[in-house]
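Mind docking chain B on chain A? Use the hints.
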Amino acid sequence: MKKFFSKLAIFLLIIFIFQIFFLIIQIRSFNRLAVLEKAKKEKVDVIYFGDSSDTNYSNEDLDKRSISQMLKDTLTNYSIVNISHPAYNADIFLEFCKYTVKQKYYPKFVIIPINMRSFSPSWDRSPVYQFEKEKTILENKLLFMFFKTIEAFDKNNKRFNEITQSEFENTEVFNGDKAAGIVKDFDKHEFRHYSEENMKNSILYFYMFSLKNDHRKLKSLAEMKKILLENNIKPVFYITPIDYETGERYFPGEFSERLKNNVEAIKSVLEENNFKVLNLSMDLKTNFFAWEKYPNEHLNEKGRKYVAEKIGEMIKKHEKEK
Amino acid sequence: MLFNSIDFLIFFPIVTILYFAIPHKYRWFLLLVASCIFYMAFIPAYILFLFALILIDYTAAIFIEKSEGKKRKLYLIVSILSTCLALFIFKYFNFFNVNFAAVARFFHWNYPIHLLKLILPIGLSFHTFQSLSYVIEVYRKRQKTERNIGIYALYVMFYPQLVSGPIERPYNLIHQFYEKHYFDYKRVTDGLKLMVWGMFKKIVIADRLAFFVNQAYNNTGDYSGISLIVATVFFAYQIFCDFSGYSDIAIGSAQVMGFTLMNNFTRPYFAKSVADFWRRWHISLSTWFRDYVYIPLGGNRVSVPRHYFNLFVSFLISGLWHGANWTFLIWGALNGLYMIFETMTARVREKIVWLIRLNKAPALHKLIQALTTFLLISFSWIFFRANSIKDAFYVITHLFTGVSVLVFNLIKNPLATVSEYHNLFLMGQSYREFIIAILAILLLESVHLLQRKGSVRATISTIPLLFRWALYIAIVLIILNFGKVARPFIYFQF
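If you read the protein sequences in the order shown, they are chains A and B. Sequential numbering of the first sequence, starting at 0, is according to numbering that gives the first Met the number 0. Sequential numbering of the second sequence, starting at 0, is according to numbering that gives the first Met the number 0.
Each hint should be verified, as a subset may be incorrect.
To be verified - Here are the computed lysine-lysine pairs in the DSSO-like style, where the Cα-Cα straight-line distance is at most 30 Å:
{"no.": "1", "chain 1": "B", "residue 1": "Lys192", "chain 2": "A", "residue 2": "Lys1"}
{"no.": "2", "chain 1": "A", "residue 1": "Lys2", "chain 2": "B", "residue 2": "Lys116"}
{"no.": "3", "chain 1": "B", "residue 1": "Lys24", "chain 2": "A", "residue 2": "Lys1"}
{"no.": "4", "chain 1": "A", "residue 1": "Lys233", "chain 2": "A", "residue 2": "Lys97"}
{"no.": "5", "chain 1": "A", "residue 1": "Lys199", "chain 2": "A", "residue 2": "Lys304"}
{"no.": "6", "chain 1": "B", "residue 1": "Lys179", "chain 2": "A", "residue 2": "Lys183"}
{"no.": "7", "chain 1": "A", "residue 1": "Lys6", "chain 2": "B", "residue 2": "Lys483"}
{"no.": "8", "chain 1": "A", "residue 1": "Lys2", "chain 2": "B", "residue 2": "Lys24"}
{"no.": "9", "chain 1": "B", "residue 1": "Lys483", "chain 2": "A", "residue 2": "Lys154"}
{"no.": "10", "chain 1": "A", "residue 1": "Lys2", "chain 2": "B", "residue 2": "Lys179"}
{"no.": "11", "chain 1": "A", "residue 1": "Lys304", "chain 2": "A", "residue 2": "Lys316"}
{"no.": "12", "chain 1": "A", "residue 1": "Lys6", "chain 2": "B", "residue 2": "Lys192"}
{"no.": "13", "chain 1": "A", "residue 1": "Lys132", "chain 2": "B", "residue 2": "Lys483"}
{"no.": "14", "chain 1": "A", "residue 1": "Lys199", "chain 2": "B", "residue 2": "Lys389"}
{"no.": "15", "chain 1": "B", "residue 1": "Lys389", "chain 2": "A", "residue 2": "Lys6"}
{"no.": "16", "chain 1": "A", "residue 1": "Lys183", "chain 2": "B", "residue 2": "Lys24"}
{"no.": "17", "chain 1": "A", "residue 1": "Lys316", "chain 2": "A", "residue 2": "Lys97"}
{"no.": "18", "chain 1": "A", "residue 1": "Lys134", "chain 2": "A", "residue 2": "Lys225"}
{"no.": "19", "chain 1": "A", "residue 1": "Lys154", "chain 2": "B", "residue 2": "Lys24"}
{"no.": "20", "chain 1": "A", "residue 1": "Lys134", "chain 2": "A", "residue 2": "Lys218"}
{"no.": "21", "chain 1": "A", "residue 1": "Lys284", "chain 2": "A", "residue 2": "Lys266"}
{"no.": "22", "chain 1": "A", "residue 1": "Lys134", "chain 2": "B", "residue 2": "Lys389"}
{"no.": "23", "chain 1": "B", "residue 1": "Lys116", "chain 2": "A", "residue 2": "Lys1"}
{"no.": "24", "chain 1": "A", "residue 1": "Lys183", "chain 2": "B", "residue 2": "Lys116"}
{"no.": "25", "chain 1": "A", "residue 1": "Lys6", "chain 2": "B", "residue 2": "Lys185"}
{"no.": "26", "chain 1": "A", "residue 1": "Lys37", "chain 2": "A", "residue 2": "Lys183"}
{"no.": "27", "chain 1": "A", "residue 1": "Lys157", "chain 2": "B", "residue 2": "Lys116"}
{"no.": "28", "chain 1": "B", "residue 1": "Lys185", "chain 2": "A", "residue 2": "Lys1"}
{"no.": "29", "chain 1": "A", "residue 1": "Lys154", "chain 2": "B", "residue 2": "Lys116"}
{"no.": "30", "chain 1": "B", "residue 1": "Lys69", "chain 2": "A", "residue 2": "Lys6"}
{"no.": "31", "chain 1": "B", "residue 1": "Lys24", "chain 2": "A", "residue 2": "Lys157"}
{"no.": "32", "chain 1": "A", "residue 1": "Lys37", "chain 2": "A", "residue 2": "Lys97"}
{"no.": "33", "chain 1": "A", "residue 1": "Lys183", "chain 2": "B", "residue 2": "Lys192"}
{"no.": "34", "chain 1": "A", "residue 1": "Lys319", "chain 2": "A", "residue 2": "Lys71"}
{"no.": "35", "chain 1": "B", "residue 1": "Lys90", "chain 2": "A", "residue 2": "Lys140"}
{"no.": "36", "chain 1": "B", "residue 1": "Lys192", "chain 2": "A", "residue 2": "Lys2"}
{"no.": "37", "chain 1": "B", "residue 1": "Lys192", "chain 2": "A", "residue 2": "Lys154"}
{"no.": "38", "chain 1": "A", "residue 1": "Lys183", "chain 2": "A", "residue 2": "Lys132"}
Hints listed in this document are in silico derivations from the structure and should not be mistaken for laboratory results.
Pulled out of the complex, with its shape left as it was, chain A reads as follows:
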């Protein structure tokens, strides 16, 4: 028995060492964190957080650069780092901000897009858009190592499985305050095929909710603002443009009204003491967008340029105010 236990101990020790090695590789492969750490070393002035609306383009675009790259045309005196990923949202941006200040890195500005769709259940509740592992790495690397090691044996692990697929599918979908069904009725593969009915359902699912002040993503935005301001970092929040023209076509009168109310809800949480949110939600018409079959906020060259200019103007304005 002695022989068995001594061999087992050696075996487990080797497993432990190799596991640490693998986990370090996994942490290193989180390249957005590597970008942030490099930015800290280089003392970059502006962090631009983004989702797919930053990088997506139209095939007809001559200039396929992202919004953050275009921003460099306006803010020539600033160094800018881009931390974008499709479906990134306020929750993970908050963890990035916490990590940034914890690392004693204080850039001048942090630009944060507020994508209206990110409040809808399609995004807010989707298990694949929670980025739990990334958030845990940002929170505490040792915690990540522990949870990653036991992941396959821990069916109740809420840290890496915040929202289960079935919880997501059973989430209620609202049109304003009226229940319109559950996610399962809307989050269907077939909705990716264009038809008038699918389009109307998708728009309802993505944008027709009524945003409440206690929405968890709004809370994350408010916390982010607090942390950044406390550390003398200027947050620049902008509400991404929505193709309201198409929305109006399917929900005449209702779409713009709902959008305005939801923007007001965001402002009521974030705007105080002269702090302003850059609202671009209804600035651009359909011809500034790059989507065809599936409604989203992806912009074409003109659209991205417009957003970059507006953000640039806001930062310059803040600089003057200083």
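The following block gives chain B in isolation, referenced to the frame of chain A:
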């Protein structure tokens, strides 16, 4: 308690260490307490129901042993009926009720009986069958009654095989509880190796494939053609790795403590016929049906039509055993029909093989046989996995949609076709996941190929220590880093 859970990773070493640490006379009690804890991890109150079943069969067996003639038979019938009644109430009542209500509606009868809202006790079908085999064996005078109710309870509840088998026979298991098991280094490490291999099959392969299969089979209307083919083949491997993985962990954990449980799987997808498949798949259940249903019905020692009837009925009941749903019944019936067809055409097929001289190329012959069997079995899995009969028929009718165009394009321009159609294979998962799944299946089948020449564990033990340890460490690291989030074993629902 799931085998692939942290709870079990803590529970198992504690129970095993205590088992070897305490005197032999108390070990059965320790195992009984441990089995109760294991069972109560699901729904604690159900242990009372399990105790009641144990008490009924324990008492019935004593009465059976004491009596002769009609009385003896009566006690057997009472025992079988009470066990089957429990099974019926929990598992089949709602199914029969719904179908009877549908018939009643058709004839405009008044049928006011409502559905029962009961959660199926975990492993009910397994431990009830194990209890049944005990009373039947006592009735057949092949097994003496077990007078120590604790040992009998342990026979029904022995935690490694309590919830998903293997379904043991009393003459295989009960005597082992009386034997003194010493700590044997080779046996313990062999058991642990088997457990790790079972974990690999479950966590790395089955739970990974589940993502592909669930996506396609839970949204059947969204998929067709190659996606459904991939999902169906993946399900064949998912269910094999899920269930045989469970069996490996069960057999391995029992082996660590010195118990030998029966083998449940022997490379089933290498089977050369459907009959051969059923000799290799879920062996403890197949032999249960053979011993207690098929042979009592007369087996093959009856007229030809009656033999076919016996085959069909055995498989139909096996289908119903798996679940109270028409999909399982059709799955069972389909396998029964395969068996009948195979028996009917055995001579014709032999002649064809001889005529086309396939017997001169035995390797090719075996390959064709194995592939045909795999396709037939995979086809039947469609009914097993589909959520409804409607879904199953959708899968069958859309299995080849667009496949000819895809094959034509693949021949014409493979790279462009793969890049254009890759989403059809991926079903919402990443390339990485798909490649890991394929590699894991290849590894599994390579191990099966090696197993044909003897025990892989024995072969590995002959290679130099450094390579052997590297292999063990690699497998554990693969489980930790490429394992998917724990899901219950598929067979838990039965």
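Status of each hint after checking the structure:
| no. | hint | result |
| --- | --- | --- |
| 1 | Lys192(B) / Lys1(A) | holds (19 Å) |
| 2 | Lys2(A) / Lys116(B) | violated (53 Å) |
| 3 | Lys24(B) / Lys1(A) | holds (24 Å) |
| 4 | Lys233(A) / Lys97(A) | holds (14 Å) |
| 5 | Lys199(A) / Lys304(A) | holds (29 Å) |
| 6 | Lys179(B) / Lys183(A) | violated (56 Å) |
| 7 | Lys6(A) / Lys483(B) | holds (28 Å) |
| 8 | Lys2(A) / Lys24(B) | holds (26 Å) |
| 9 | Lys483(B) / Lys154(A) | holds (10 Å) |
| 10 | Lys2(A) / Lys179(B) | holds (21 Å) |
| 11 | Lys304(A) / Lys316(A) | holds (18 Å) |
| 12 | Lys6(A) / Lys192(B) | holds (14 Å) |
| 13 | Lys132(A) / Lys483(B) | holds (14 Å) |
| 14 | Lys199(A) / Lys389(B) | holds (29 Å) |
| 15 | Lys389(B) / Lys6(A) | violated (55 Å) |
| 16 | Lys183(A) / Lys24(B) | violated (56 Å) |
| 17 | Lys316(A) / Lys97(A) | holds (26 Å) |
| 18 | Lys134(A) / Lys225(A) | holds (19 Å) |
| 19 | Lys154(A) / Lys24(B) | violated (37 Å) |
| 20 | Lys134(A) / Lys218(A) | holds (16 Å) |
| 21 | Lys284(A) / Lys266(A) | holds (22 Å) |
| 22 | Lys134(A) / Lys389(B) | violated (42 Å) |
| 23 | Lys116(B) / Lys1(A) | violated (52 Å) |
| 24 | Lys183(A) / Lys116(B) | holds (24 Å) |
| 25 | Lys6(A) / Lys185(B) | holds (13 Å) |
| 26 | Lys37(A) / Lys183(A) | violated (42 Å) |
| 27 | Lys157(A) / Lys116(B) | holds (28 Å) |
| 28 | Lys185(B) / Lys1(A) | holds (13 Å) |
| 29 | Lys154(A) / Lys116(B) | holds (25 Å) |
| 30 | Lys69(B) / Lys6(A) | violated (60 Å) |
| 31 | Lys24(B) / Lys157(A) | violated (43 Å) |
| 32 | Lys37(A) / Lys97(A) | holds (17 Å) |
| 33 | Lys183(A) / Lys192(B) | violated (42 Å) |
| 34 | Lys319(A) / Lys71(A) | holds (18 Å) |
| 35 | Lys90(B) / Lys140(A) | violated (47 Å) |
| 36 | Lys192(B) / Lys2(A) | holds (17 Å) |
| 37 | Lys192(B) / Lys154(A) | holds (23 Å) |
| 38 | Lys183(A) / Lys132(A) | holds (25 Å) |
Hints 2, 6, 15, 16, 19, 22, 23, 26, 30, 31, 33 and 35 from the earlier list are contradicted by this structure; the remaining hints agree with it.
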